[in-house]
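**Student:** Sequence:
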Amino acid sequence: MALFDSLKFQILENPTKRDSVLNTIFTFRQDSIKTRMLLDISYKFYSKNDSLNFRYWNKVAHNHSHNIKDTSAVAETYWDLANFYYKEKFLDSSYYYYNKALELYDYINDDYQAARMLINLATIQRDIKDFKNSEITTIEALKKLQPLDKQYQKYLAYNNLGVTNNHLEEYSEAINFHSRALVIAENLEDEILIALTLNNIGVVYKNLGEYIKAIENYRKAKAVDSLGIKYPELEAMVMDNLAYSRFMLNDTLGIEEDFLSALAIREGISHFSGIATSHLHLGDYYLSTSDTLRAINHYLDSRKVSTSKGLNQEFLQSTLALAKLGGNGSNIFYNDYIEKAKEFQREERAIKNRFAKIRFQTDEYIAETKRLTEQKIWISLVSFLTIMSLMLLYYVILQRTKNKDLAHEQEQRIANEEIYKLMLKQQSNLEEGRQQERKRISSDLHDGILGRLFGARLSFEFLNLEMSPKELKKFHVLTTELHEIEKEVREISHDLVSSDFFYNSSFINLINDIIHNKNDVGNTHFHLDHDKSINWENVNPEIQLDLYRIIQEAIQNIIKHADAKKVSITIHGENSKLLLTVSDNGRGFQLDKIRNGIGLMSAESRVKKWNGYFSINSSLGHGTEITVEVPLLNIL
Numbered sequence: 001m002a003l004f005d006s007l008k009f010q011i012l013e014n015p016t017k018r019d020s021v022l023n024t025i026f027t028f029r030q031d032s033i034k035t036r037m038l039l040d041i042s043y044k045f046y047s048k049n050d051s052l053n054f055r056y057w058n059k060v061a062h063n064h065s066h067n068i069k070d071t072s073a074v075a076e077t078y079w080d081l082a083n084f085y086y087k088e089k090f091l092d093s094s095y096y097y098y099n100k101a102l103e104l105y106d107y108i109n110d111d112y113q114a115a116r117m118l119i120n121l122a123t124i125q126r127d128i129k130d131f132k133n134s135e136i137t138t139i140e141a142l143k144k145l146q147p148l149d150k151q152y153q154k155y156l157a158y159n160n161l162g163v164t165n166n167h168l169e170e171y172s173e174a175i176n177f178h179s180r181a182l183v184i185a186e187n188l189e190d191e192i193l194i195a196l197t198l199n200n201i202g203v204v205y206k207n208l209g210e211y212i213k214a215i216e217n218y219r220k221a222k223a224v225d226s227l228g229i230k231y232p233e234l235e236a237m238v239m240d241n242l243a244y245s246r247f248m249l250n251d252t253l254g255i256e257e258d259f260l261s262a263l264a265i266r267e268g269i270s271h272f273s274g275i276a277t278s279h280l281h282l283g284d285y286y287l288s289t290s291d292t293l294r295a296i297n298h299y300l301d302s303r304k305v306s307t308s309k310g311l312n313q314e315f316l317q318s319t320l321a322l323a324k325l326g327g328n329g330s331n332i333f334y335n336d337y338i339e340k341a342k343e344f345q346r347e348e349r350a351i352k353n354r355f356a357k358i359r360f361q362t363d364e365y366i367a368e369t370k371r372l373t374e375q376k377i378w379i380s381l382v383s384f385l386t387i388m389s390l391m392l393l394y395y396v397i398l399q400r401t402k403n404k405d406l407a408h409e410q411e412q413r414i415a416n417e418e419i420y421k422l423m424l425k426q427q428s429n430l431e432e433g434r435q436q437e438r439k440r441i442s443s444d445l446h447d448g449i450l451g452r453l454f455g456a457r458l459s460f461e462f463l464n465l466e467m468s469p470k471e472l473k474k475f476h477v478l479t480t481e482l483h484e485i486e487k488e489v490r491e492i493s494h495d496l497v498s499s500d501f502f503y504n505s506s507f508i509n510l511i512n513d514i515i516h517n518k519n520d521v522g523n524t525h526f527h528l529d530h531d532k533s534i535n536w537e538n539v540n541p542e543i544q545l546d547l548y549r550i551i552q553e554a555i556q557n558i559i560k561h562a563d564a565k566k567v568s569i570t571i572h573g574e575n576s577k578l579l580l581t582v583s584d585n586g587r588g589f590q591l592d593k594i595r596n597g598i599g600l601m602s603a604e605s606r607v608k609k610w611n612g613y614f615s616i617n618s619s620l621g622h623g624t625e626i627t628v629e630v631p632l633l634n635i636l
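With full-length UniProt numbering, letter number 205 in the sequence shown gets 205, and the count goes up by one each step, no holes.
Please note that the accuracy of each hint is not assured.
What the hints assert, rightly or not - SDA-like cross-link-like pairs, simulated, lysine to any residue; straight-line CA separation at most 25 Å: (1) LYS324 - LYS342; (2) LYS342 - GLN375; (3) LYS69 - LYS89.
Stated by the list, open to error - Have a look at the derived ranges for each label pair, beta carbon to beta carbon: (4) GLY228 - LEU300: 55 to 63 Å; (5) SER273 - THR16: 20 to 28 Å; (6) THR570 - GLY621: 21 to 29 Å; (7) HIS572 - ASN519: 35 to 43 Å.
I should point out that these hints are in silico values taken from the structure, not numbers from a laboratory.
Model, not experiment: these values are computed from the prediction.
Virtual Cβ for every residue (Gly too), placed ideally from N, Cα, C.
Just need the whole structure built from these sequences, with the hints factored in.
**Tutor:** Given below as structure tokens:
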């Protein structure tokens, strides 16, 4: 901001440096900073009454704001331009640009700034004596201000309603609105606003002819501390109004000094309408004292000031006062009064028509904008409904397709489960056949071959053979060997029927079949590690089926996606739980991307069906591990 202040100082001190300052401003990246700087420089020249440089920088700010589509900033350039024209007394141009600003603030739904523009428009309407439309415009502003906590703007609105109703001779309404304004001024603790409102209430009572009440309010206004220092124009107004109300009650003590003091203050601050009014009041006062010459001089002074400054009302009042004095020039003043009254009336009518045209064009613009907006809304609504209908149709078709796929998948799952059951049954039948065959072989070995070996060995031992010690020793070695053979045959026979000899059930065999098939055809090596003490005959076949499907799904996903070299499958029994883990050293994945996958959801639902626990852990580059825990009873 130091650079900003430096630039403002440079351009204000030396306006010819505008090009270098502009180049510096446009080096900033943020458009909002450029806009603010341009608007501030423009306003500084406005405050200095430098119209040429103000118009230049206002235009630059306007063009920049328009180019970056900053509607609020464009409205602000119109606002500043309207203020400039108002100060220069070009009321129609001022009205036009206030109206342009209003359109934009309405467009961006900035009710506060829109209300401020409406109050400015109402003030101009009041200035051109279009009091009824000024009242209507002010009420529009109040509607926008009603939900907002903007007390000062509400004060301005109520004050203007009081002034316009006073001119419309709706005096009770005028007092009502000024009373509301006074409450706000007191809440704001603004002594100047309080004094101004009391003066305005006094004016209403003066117009009603209730001079005592008028004097009461004027005196309250005059009692405001340091009024002359803070607002000398208002001090002179209150002093003059108070003196004139006293004059109307024939209370003339000291009022000449008050009239003259008010005139002196007004001349000191070049308040020309006040100067013309002071001369009128002094003329009336001196006329009442039969000092006709001094009265004429003050009326003439009032007429002179009014003529030079375009003060139509004061001109007519002073001219009529001179005409009423009689004498040789009275007819001239009467004729002048009549002609000027007609001329001023025509001018006022023309001005009102110009303003009405501006407002009509604005209303047309608003109506057209509203029509286009409604049309755009309807087009958007129809487009939205069309898109929604198409999306709904697409969703229905997609849902039907998904339902078909799900139904097909369900059918496939049921078919696979039936196949698994058949495989399990086939494996069970094969296992049963193997068991029967082992029992038969065991029986043959035990009852047949072992019995015959035992008989042969006993026969040998009971033979009474005469042998040399060497041969006898060899004989005993052979019989001992036969005894050892008997023991081995007996052990083999027992092992064939023992559960420890063949511990794998049909479930483990099925898993081994999958692993062997995958190891034979791919580059991924699968390894199964299982708890040999698990009694699979006591495990619910439905649980076996679900575990089989989970392992099968995991193996398929690993082959398809993981690019793994090693896969470990472990099945263990621990604390009445069956623990299954499938881990690989593949590429891994981000969990959030597959959280709602059908295969994953299916596996999880299978485990939850048995009140089990299912988890999957993976990260990119660190492989994947699936863990399943199923609570079981009597599985070991």
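**Student:** Could you say whether the range 20 to 28 Å given as a hint is met by the Cβ separation of SER273 and THR16?
**Tutor:** Check failed, 38 Å falls outside 20 to 28 Å.
**Student:** Is it true that GLY228 and LEU300 lie within 55 to 63 Å of each other by Cβ?
**Tutor:** violated (29 Å)
**Student:** Next pair to validate is LYS342 with GLN375; report whether the Cα-Cα distance is within 25 Å.
**Tutor:** Not satisfied, since the Cα-Cα distance of roughly 48 Å exceeds 25 Å.
**Student:** Need the status of pair LYS69, LYS89: alpha-carbon distance at most 25 Å?
**Tutor:** violated (31 Å)
**Student:** Within 35 to 43 Å or not, the Cβ separation of HIS572 and ASN519?
**Tutor:** violated (22 Å)
**Student:** Just to be careful, I want the Cα atoms of LYS324 and LYS342 compared with a cutoff of 25 Å; is the pair within it?
**Tutor:** holds (19 Å)
**Student:** Does 21 to 29 Å hold as the CB distance between THR570 and GLY621, or does it fail?
**Tutor:** With a Cβ separation near 23 Å, THR570 and GLY621 satisfy 21 to 29 Å, so the hint holds.
Going down the numbered hints, you'll see the structure goes against 2, 3, 4, 5 and 7, while the others check out.
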